[in-house]
Every structure is written in C-alpha cells, then in structure tokens.
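Enquirer: So the chains spell out like this:
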Amino acid sequence: MWKTLGRTLISKPLPVDAPPPDEAHLAELSERLDRAARLRVGRSLSIREVDAGSCNGCELEIHALNNPFYDLERFGLKFVASPRHADVLMVTGPVTQNMREALERTYAATPDPKWVVAVGDCAVDGGLFAGSYAVAGGVDAVIPVDLHIRGCPPSPVQLLQGLLALLERVA
Amino acid sequence: MADTLHSFLAGAERTAQRPWPRYRLDRRQWQALVDRLASTDWTLLGLWAESAEVHAALMDEAAREIAVASLACPDRRFPSLSTARPSAQRLERAAQDLFGLTAEGLSDARPWLDHGQWRRRPHGDAPAVARPASAYNFLPVIGESLHQIPVGPVHAGIIEPGHFRFHASGETVVRLEERLGYVHKGTEALMAGKPPGEAALLAARRSGDATVAHSLAFARAVEAALEIEAPPRAVWLRALMAELERIANHIGDVGAICNDASFIFMQAQCTVLRERVLRAATQCFGHRLMMDRVVPGGVACDLDEAGASALRALVAELARRWPELYDIYDNKPSLLDRTVTTGTVRPELVRRFGAGGHVGRASGRGIDARRLPGYPPYDGLDFEVPVLIDGDVHSRVLIRFREVTASLGLISQFLDRLPSGPIAVPVPGRAGEGMALVESFRGDVLAWVRLDEAGRIARAHARDPSWFQWPLLEAAIEGNIVADFPLCNKSFNCSYSGHDL
Numbered sequence: 005m006w007k008t009l010g011r012t013l014i015s016k017p018l019p020v021d022a023p024p025p026d027e028a029h030l031a032e033l034s035e036r037l038d039r040a041a042r043l044r045v046g047r048s049l050s051i052r053e054v055d056a057g058s059c060n061g062c063e064l065e066i067h068a069l070n071n072p073f074y075d076l077e078r079f080g081l082k083f084v085a086s087p088r089h090a091d092v093l094m095v096t097g098p099v100t101q102n103m104r105e106a107l108e109r110t111y112a113a114t115p116d117p118k119w120v121v122a123v124g125d126c127a128v129d130g131g132l133f134a135g136s137y138a139v140a141g142g143v144d145a146v147i148p149v150d151l152h153i154r155g156c157p158p159s160p161v162q163l164l165q166g167l168l169a170l171l172e173r174v175a
Numbered sequence: 010m011a012d013t014l015h016s017f018l019a020g021a022e023r024t025a026q027r028p029w030p031r032y033r034l035d036r037r038q039w040q041a042l043v044d045r046l047a048s049t050d051w052t053l054l055g056l057w058a059e060s061a062e063v064h065a066a067l068m069d070e071a072a073r074e075i076a077v078a079s080l081a082c083p084d085r086r087f088p089s090l091s092t093a094r095p096s097a098q099r100l101e102r103a104a105q106d107l108f109g110l111t112a113e114g115l116s117d118a119r120p121w122l123d124h125g126q127w128r129r130r131p132h133g134d135a136p137a138v139a140r141p142a143s144a145y146n147f148l149p150v151i152g153e154s155l156h157q158i159p160v161g162p163v164h165a166g167i168i169e170p171g172h173f174r175f176h177a178s179g180e181t182v183v184r185l186e187e188r189l190g191y192v193h194k195g196t197e198a199l200m201a202g203k204p205p206g207e208a209a210l211l212a213a214r215r216s217g218d219a220t221v222a223h224s225l226a227f228a229r230a231v232e233a234a235l236e237i238e239a240p241p242r243a244v245w246l247r248a249l250m251a252e253l254e255r256i257a258n259h260i261g262d263v264g265a266i267c268n269d270a271s272f273i274f275m276q277a278q279c280t281v282l283r284e285r286v287l288r289a290a291t292q293c294f295g296h297r298l299m300m301d302r303v304v305p306g307g308v309a310c311d312l313d314e315a316g317a318s319a320l321r322a323l324v325a326e327l328a329r330r331w332p333e334l335y336d337i338y339d340n341k342p343s344l345l346d347r348t349v350t351t352g353t354v355r356p357e358l359v360r361r362f363g364a365g366g367h368v369g370r371a372s373g374r375g376i377d378a379r380r381l382p383g384y385p386p387y388d389g390l391d392f393e394v395p396v397l398i399d400g401d402v403h404s405r406v407l408i409r410f411r412e413v414t415a416s417l418g419l420i421s422q423f424l425d426r427l428p429s430g431p432i433a434v435p436v437p438g439r440a441g442e443g444m445a446l447v448e449s450f451r452g453d454v455l456a457w458v459r460l461d462e463a464g465r466i467a468r469a470h471a472r473d474p475s476w477f478q479w480p481l482l483e484a485a486i487e488g489n490i491v492a493d494f495p496l497c498n499k500s501f502n503c504s505y506s507g508h509d510l
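Heads up: the protein sequence lines correspond to chains B and D, in order.
Position one of the first sequence corresponds to residue 5 (the numbering used here), numbered consecutively onward.
Position one of the second sequence corresponds to residue 10 (the numbering used here), numbered consecutively onward.
Not one of these hints is a red herring.
Straight-line alpha carbon distances no greater than 20 Å define the calculated SDA-like cross-link-like pairs of lysine to any residue that follow:
id : chain 1 : residue 1 : chain 2 : residue 2
1  : B       : Lys-7     : D       : Glu-333
2  : D       : Lys-203   : D       : Ala-467
3  : B       : Lys-7     : D       : Ala-325
In case anyone wonders, no lab produced these hints; they're calculated from the structure.
Remember, predicted model here, so these are calculated numbers, not experimental data.
Whole structure, please, built from the sequences with the hints as guidance.
Expert: Structure follows, in structure tokens:
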C-alpha cells in the first residue's frame, strides 16, 4: 500500500493526464467549471442523486464523476446523502409510476432554492420507455426541471459540461 | 437410476423451442412435476407467464439437461412451484401481477411488482387496481425490544431504488424484508410487436451494468429461435466485450465494498482502474459501457488493430496492478475484520435457490453458464471458475479478485486467436422460439423469446441473476449488525432494474 501511495505521490495527477480522444476538452472544461463554481456558489453546491427508474447505466457514469479523473469535489460540488442537505436534485430514468410518489416527496424535502437536473435520454421524455403502462414520462412530467443532460448514458465529461451550464445559469 | 429431467418430461407434447426442448404439460403432469421437484435437485432457472400459459425453465445439473415445462391455464390458475422451490415465489408473484394469473398454493401472494400505481394492466385486458403505494403488509414481527428501520426507496448513495425493512434488536438485525419493483418499466410489454433489432435496444437497458450480457442473452435467444448463427469473429468479439464488462464491474465493486468498510484508498485505486477499462472500451467499441454493440445476428462494430493493441496494454497494466491491490486487501487486518465471517450465506441455501455468480460460487455452487450449458467461444478455452465455501463477504470479494484475473487471461486468448471475417449475418423475419443462458458478471442471465410469423417479438422474457440472489441477501444479513448491511449489500450488488423488469 505504501508503495502504491508513494507512486501516486510522484506520478502526474490524473485529471491533467487525461488523454484524448473523448477527453480533449477536459482540462479546459475543468478550469471553467472551477471558475464558475468559485464565482457563483462559493465552491459549495450539494447534489442529491435520485434514480427514478433508470437502468442503472446513468448511475455508473454519475459515480465516475467521483473518480480521480473527474474528481467532482475539487470544484466544491459534492453528492450528499439526503435531499434535506441538497441544492440540486440530479434525477435519472424515465420516472416509473412506482417511483413517482418517492420523487415528489424527495423534491418536497429539498429546501429552496433548489434546482433539478434531469440526466439521460430517458429523463428527458421517457426515452425508449415512453408510453409504457408503468412509466409516468420524463422527469418534468412529475417535478419542474431546470436542465437536461442528454446521453445514454451521458459520459462523465457530458455530465461536467451540464453541471457547468447549470452553474453559469445559477446567479 | 432415477429419471433425468428430459426422461421425466418425455411423456408430454414437445414443441419446437431451440436449443432446449419445451414440453406442454397438462395439469396432472404439471402437478407431478411439482411433486417431483420436491425430491430432486433440479434447478429452477426461471418462471414466466403469458396471458393464459405459464413456463418454468429447469436444469438437471448432473445430466447436463435443460428444458422448459409449460402449462396452459385457460382458467388463469396454475399449481405453484414455490412449495418445492422457494425461488419460484417472487417470480410467481410477478406473474400474478403482470398477467392476472393465480398461483395455487403460493405461500406469499402479496403483489410484488404492482404497487397499485399502474395506469392499466400490463398484458391482459383488465383495468389496473389502484391503491396507495404504502398499502403493503410487511411481515409482522412479534417480540420484545425490537425496532423497525425503514430504508428507501430513495437511498443515501448513488444507487437504484428499493425498500429495505429491517427489524433489529439493538444493533443486531433480526430480519430484513425487501420490497422491490420500484423501477418496473414494463420493458417486456414494450418489446412485444417490435422486430428483434429494435427490441434489442430495450434488452440492452434491462440492467445498464450488465448491458453486454443482457444483449448477448437476447441475441442468442433470437438466433436460436431463427436457427441462425453469428459469424465466428462476432462470437469472439461478443465474448471479449462480455469479459471487459465483467472486469469493469468486479473492479468497481471491490472498490465499493472496501469503501463501505471505510477503506477509501482501495475505492480510489479501483475507480482509476475501472475508468481505464471504460476508456479502452470507448476506444475499441465507441461506447464506455459497450451498449448496443451486441445485436441479433452479430456485433455492431469491429475491432481494429489500434483497438487490439490498446486492449493488450490494458491487460498488461491490470495484470500488474490487480495483484498489488489484492495484496493490500489481504494485508489489512482492520478491513478483513469487517469482511471475514460477515454476511454468510450457507451452501444449501445457495443450491436451493440456484443462485449463480459470485454469490453462488462463494458458497460452493460452481455453476457458470460459460461451462454449463456452455456456449462458444468458451468451449475450447482455458479459464478458471473459482469456487469457495465460506459464503461470507470476504469470499465474495476473493471470487471477484480471481474472476478478474481469469477474465484477463481470456481476453489475451481472444486477442491471440480472434478469427477474421464478417461480424454479422442478416436476421430473417420468420417465426420461432428460442432460449439462451449467458454468464453476466452477476451470474447467469436467462433470455427467452417467441417470434411471430413476421419475425416480430410475440413475447420476450429475461430473468436476471438477481432474482435468485436478492432473497439470499435477506438471509445473509440475519444476525449481523445493521452497520454491516452496506457491506453485505455491495458484496452481492444485485440489480434492481434487472429484477424489476
């Protein structure tokens, strides 16, 4: 373990080392995100993730935001365990009929001011699951949405771009 | 010598399902099957319904035989298998919810997937019965100094929704009861009427973390129904993707398990390795999770030379780093103190439920769909299927460590022996019925499909391995402390979406 830790200390940090192709703009994106987070929310924005019916693909990529490549917390954006601690609800999935009430109650439990980010193609309008007897629709069929991040699932870079867009709007 | 599964069913009418036979039983024969199950160790592989028919897939491991038994139930009733196979219970509750059938003798007939919120009945013509979602009778508890801890459906982490009802005596869990179905999306009803290529998009999204395995199971079921075969190169590329998926998930889970024991160092290391796998997947196949890359008839994209060398570099790096991480895990007494003897599942329970994957193999059940029934290209390949017997969180971690190593070995063999040629064949539009078993990182996925005359999906069903693992989690946590639940849960890592259909 000490060997691994030591190697981590002397090797280049991962976020800067991020190679192309799909990470070409990561460094630039990181810088903008950092600036916006500092300016708008004083580097403190808490996110509560709610899976309202996803296939769990979006969750995997949202998880990846916490890995050392994307390291979301360096911008002061962090995931919290309760909606009562959250500024932002990040909602995935087509909202299933069975999750509708839980989502409404989670929204009600989040203090104002709050923002809702709908993540993934399903969260926009139900995606492939639209029209099912068991699906209420996209996230905005149940609670108001401030920003959609498309993708199936959106990559961590797309998620970072989306959060940046949110920060630039929050003022 | 006792009858094998096929000889027992041989008296019934046989249909043209491929590659394993399906038998149409009458009510008396079905009842005889229920009785017979009580005295055999045949494994229930799945149970699903149609509007007036119920199907049960079974495996006779000793004879290496698989078959489906069907019972037409025009009166919408069928004798329950749950008396002989408790693993049938939730599947039958789901069949009741979805098709309005009644499983006679089902010991627990509470609704399962239906929370009273649906707009209409999924497959039948009856209107949905609306009731408050909270109107669910959890099992009663009688005793002194017990308290209840309700958790979910919205959990504290970035995970899927489900409800856990704990009854605890002080710190000790006396009983856990799960309530699932929150992410039921009606996937199977949506698949009906679509051509296989379109339905494959839904199959790929049954459980995002096992998208390759679910796509592969669906594709193989369709190909079996139509009696076509994916070209050799596609078969090998599919296996390559499936092993990459297995590696990415096991690495992610080992990190997450350690994280739940507050050993964040391992989580950080594992997320870096997982990210490297996903980046290699993007470079080779154009999608981080390789979603929609396995399609009926073959694969949707080829592997070029640059991709192959990226994979070789990835395998070399993982082969170097993974044993180092194992040594760290194995030399941390404070971590082992949390995982060893925690969340034990007894071998007889695993056998009774036919649980596969790391849950089964950590408790002595060495079944792996790549070996039994087996499918190409694994037949001629050399790989270890690790089996342990202690059944605790530690054993499930060890199985995952060893399966990553085995998969790395497989990927090297794939890259060395990858055949050339086309990567897909056309999918003809005709009728047929097929079934497939495919090993996902969690265990065996069963897919079954019936195509109508135009080649469209008449009925498609998939049974995620989680169906037979979720009930065992309830057993694993019993007698453990509440604080060890996340650890137990993560060591299983059952799918909610895959289970909820």
